[in-house]
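All chains, full assembly: derive it from the sequences and hints.
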Amino acid sequence: MDLAIRTEHLTKVYSGRVIAVNDLNLEVPVGSVYGLLGPNGAGKTTTLRLLLGLQRPNAGRAYVLGSLCSPAATSVRQSIGYLPTHPVFPGHLRPVEYLDLLGKLSRIPSEVRKPRLTSLLRAVGLLSATNQRIRTFSTGMRTRLGIAASLLADPPVLLWDEPTAGLDPAARRFTLDLITDLARTRTVLVATHILSDIDQICDYVGVMHEGRMIFSGSMREMKQRLRCDDFSLELDGSPEEIRRVAEQAAALPGVTAAVRDTHTIVVQVGNGFSRAAAMAAVLNLIDAGNVSLQSLGSGQNETEYAYLQLLQEDVAHGFRRFDLTSAHVADANIGDSGP
Amino acid sequence: MSLMPTLAILGHELWGLGASWLVRLWLLGSALATFLMLAGDWTVVMSAPLIARLLFSFLVFPWFFVVIVLGISPVTGSRLDALADGILSRPVTRFEYLFACWAARVAVVLGVFLAVALPAAAIIYLAARKGVPQDSVTPYGIMLSLLLVSLVLVFLVTLAFFTGTVLRKPMLAAVVLVFAWFPINIVLHEFQLEEFSPISLSQALPDVLRTPWGGDQGTDGGLSRADAEAIARLGKFVAELTVGAPAPREESFFDKGDYRDFSLPRVVLGYGVPTLILFGLATACFARRDL
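Chain order of the listed sequences is A and B.
The numbering of the first sequence is our numbering, which starts it at -10 and goes up by one.
The numbering of the second sequence is our numbering, which starts it at 15 and goes up by one.
Any given hint could be a false lead.
[What the hints assert, rightly or not] If you want the ones that stay clear, here's a sample from chain A, every Cβ over 12 Å from chain B, calculated: (1) Gly55; (2) Leu110; (3) Ala118; (4) Gly129; (5) Leu165; (6) Thr169; (7) His182; (8) Phe220; (9) Pro242; (10) Leu285.
[Unchecked claim] Label-pair ranges, simulated between beta-carbon atoms: (11) A:Ala112 / B:Pro279: 57 to 63 Å; (12) B:Val190 / A:Val85: 38 to 44 Å; (13) A:Gly80 / B:Val190: 26 to 32 Å; (14) A:Glu302 / B:Ala33: 53 to 59 Å; (15) A:Glu302 / B:Leu186: 44 to 50 Å; (16) A:Thr169 / B:Val190: 51 to 57 Å; (17) A:Ala112 / B:Leu39: 37 to 43 Å; (18) B:Leu186 / A:Thr128: 31 to 37 Å.
Worth flagging that the hints you see were computed from the coordinates, not collected in a lab.
From the three backbone atoms N, C-alpha and C, an ideal C-beta is built for every residue, glycine too.
Given below as C-alpha cells:
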C-alpha cells in the first residue's frame, strides 16, 4: 500500500510542559479520505502543522509523499493544500488579489495562475463576490475562499482542518460533496470532531486522544468495534401501558428494559443472546399491547458510539497505555520549543 | 531559485504599508514639520546646520518612534496566525518571508525620508537666502548625509525588526526599544561615537554636508567651514558695533562637539555591521519558531 502521509513516533511538547502529540504513528494511503477524529485538544491541528513544517517535532519524523517534513521543506508544502479551521485572511484584499498572491507564492506562472483562480472562484461559488473585500465575507464565504486557496496549486495532498466548522447545512453539504469529488484524484486528510462528517466521506479513520492515536483503520473496522446491543423504541400510548410493556420486555431472557422520557423504552440485549430474536419478542409484546410503535433505533449514532467507546477504553486502560517499546525508539529531545 | 514568492510578499507588504494610516500620517506630518522648520529658520540658520536640523528629526526625534513601530510589526502578535495560514503554509521559506517584509519596511521608511528630506535639502542648497552667510554645503555632502541617515534608518528598522521577532509582543518591543535604545544612544553620544550614536552623527552632519568630492574641504563653489565661521563672527561684530551687544545666545546643538576625525568607513561599518548581525539573528530566531 502506497502511503501519502506517514509519521513515525511523532512527538510534540510545547515549552516542555504541554504534550500536544505523543508518539504518533499515522499512515494515510494514497487516494484515500482519512478522517482524523478526536475531541478538542487531542492534537489534530498540531499534527497538521507538523506535517506542514509550521512546527518542529521534538521527536520522530513525518513524511508526505516520501519527503521529510520540516520548516525548510518547501517541496513538501508545494504538494499540500492546507485549509485551517478558521482561516485568517488579509481583509483589505479582494478574493482575486488574494488568490493571485497565493499563486505567486506557489510559483505558478501567470498564464496558468489567472485562468485557474477564475475557475476556482466559479467552482466554490464566489464569482459574484469578486469585487467585495474579504473582510465583508461571511464564515461560509471565507471557508469557500480557503478551499479555493488550498486547491490553487493543484496539490496531490489536502490537509483540511475542521472544514465544516461554523457552516450552515447547505455549505456543509457543499463541502462534504466537494471532498468526495476531490478524493477521486487526491489524498484528503480531514481533521474534525464532527462524527457524521467522518461517517459520510471517509474511507479510513484515526482517533486521537490526548495526543495519542488510539485507533487507526478503515471505517468498516471502526464500526465492527461497535457493540450495538441497545435499542430505543418510541411508543404511543398511555404511560401505564408503556410501563407495562417495559416490565414484560424486562422479563424476557437476556433482555433488560426501562422506560425513559415517558414514551420511550430502552432495550438492552445481553451478551450471548440473539439480538434479532430478543427484538422480535419485544416487538410482539408491543403489537399485543395497547400501544403503537412510533420509531425504532439504536441508542446512538454508530460511529459516535464507537468513538465514545474508544475514548472510554483509552481512559480505562490507565497506566497500560504506556508503551515501553516506543519509549526506546523515540529519540526524544523534549523541552526545547515553545507553542 | 525563483524570486516570484519574495517579490509577491514584497509587493503585498508595500501595498499594505502604503495603505496604512501610520505611513500616510507620517508622510504628511514630516512634510509639514519640515516646512515649518524651514519657514522658521529660513533667514536665521546657515545651510549646513539647517539641513542637519531637518535630518535630526529622522535620526533621533520624533520620527524615530514611527520607524520603530513600522519595523516591529511583521512577525508579532495576531499577524502570526494570518502568516501561518496564508503565507508560510505555502512553499515559501521563512527567510524569503522575513527578507521581503524587512525590505518592504526599509523601502517605505527610506521612501518617506527621501520624499521629504531630498527636496528640502535641495531647496536649501539652491536658494539664495538674504541675511544668512553663504555656507560651503556641497552636493556631494548632501548626498553623503542623506546616505548616512538612510543607513541609520535601515539600522533602526532592523533593530526594531529583531526586537519584535525576539519578544513577539509589539507593545513590549516598542517599550523596550524606547526605554533601552534612547539611554544607550545618550551614553554613546557622551563619547561622541558618531559611528554608533545617531545623536552624535547628527552633530557631525554639518561637517559632512560641507565635505567636497574627494574629502578635502576645499573652497570650490562656496566657503569652507572656517571661512563661514569667520564671516559669521565678523557679521556679529559689525552688528554689535552698530546696534549694540545682543543678549548672549546659547551655542546651537549642531555647533557642539568636535567631529574633525569623522571617518566615513567607520560610520558605515558602525551601522552596517550591526544591521547585518541583527537581521541574521532575527532570521535565526524566526526559523526556529513554532507557528
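Each hint, compared with the structure:
1. With a least CB separation of 17 Å from chain B, Gly55 (chain A) remains clear of the 12 Å interface cut-off, as annotated.
2. Distance to chain B confirms Leu110 (chain A) as a non-interface residue, since its nearest Cβ pair spans about 17 Å, more than 12 Å.
3. The claim that Ala118 (chain A) lies off the interface holds: its Cβ sits roughly 18 Å from the closest Cβ of chain B, which is beyond the 12 Å cut-off.
4. Separation of Gly129 (chain A) from chain B is adequate, the least Cβ-Cβ distance of about 17 Å exceeding the 12 Å criterion.
5. No beta-carbon of chain B comes within 12 Å of the beta-carbon of Leu165 (chain A); the shortest separation is about 22 Å.
6. The non-interface label for Thr169 (chain A) is consistent with chain B: the shortest C-beta to C-beta separation is roughly 24 Å, beyond 12 Å.
7. Non-interface status of His182 (chain A) relative to chain B is upheld: no Cβ of that chain comes within 12 Å, the nearest being about 20 Å off.
8. Phe220 (chain A), annotated as away from the interface, keeps every beta carbon of chain B farther than 12 Å; the closest lies near 45 Å.
9. A cut-off of 12 Å between C-beta atoms confirms that Pro242 (chain A) is not in contact with chain B; the least separation is 59 Å.
10. The Cβ of Leu285 (chain A) lies farther than 12 Å from every Cβ of chain B, with a closest approach of about 46 Å, so its non-interface assignment holds.
11. Distance hint check: the CB atoms of Ala112 (chain A) and Pro279 (chain B) are about 60 Å apart, consistent with the given range 57 to 63 Å.
12. With their beta carbons about 40 Å apart, Val190 (chain B) and Val85 (chain A) fall inside the hinted range of 38 to 44 Å.
13. Under the hint 26 to 32 Å, the C-beta atoms of Gly80 (chain A) and Val190 (chain B), about 29 Å apart, fit the expected range.
14. Our hint of 53 to 59 Å for Glu302 (chain A) and Ala33 (chain B) holds, since their Cβ atoms are close to 55 Å apart.
15. The given range of 44 to 50 Å is respected by Glu302 (chain A) and Leu186 (chain B), whose C-beta atoms sit roughly 46 Å from each other.
16. Take Thr169 (chain A) and Val190 (chain B): their Cβ atoms lie about 52 Å apart, and the range 51 to 57 Å holds.
17. For the pair Ala112 (chain A) and Leu39 (chain B), the supplied restraint of 37 to 43 Å holds, since their beta-carbon distance comes to about 42 Å.
18. For Leu186 (chain B) and Thr128 (chain A), the Cβ-Cβ distance of about 32 Å falls inside the hinted range of 31 to 37 Å, so the restraint holds.
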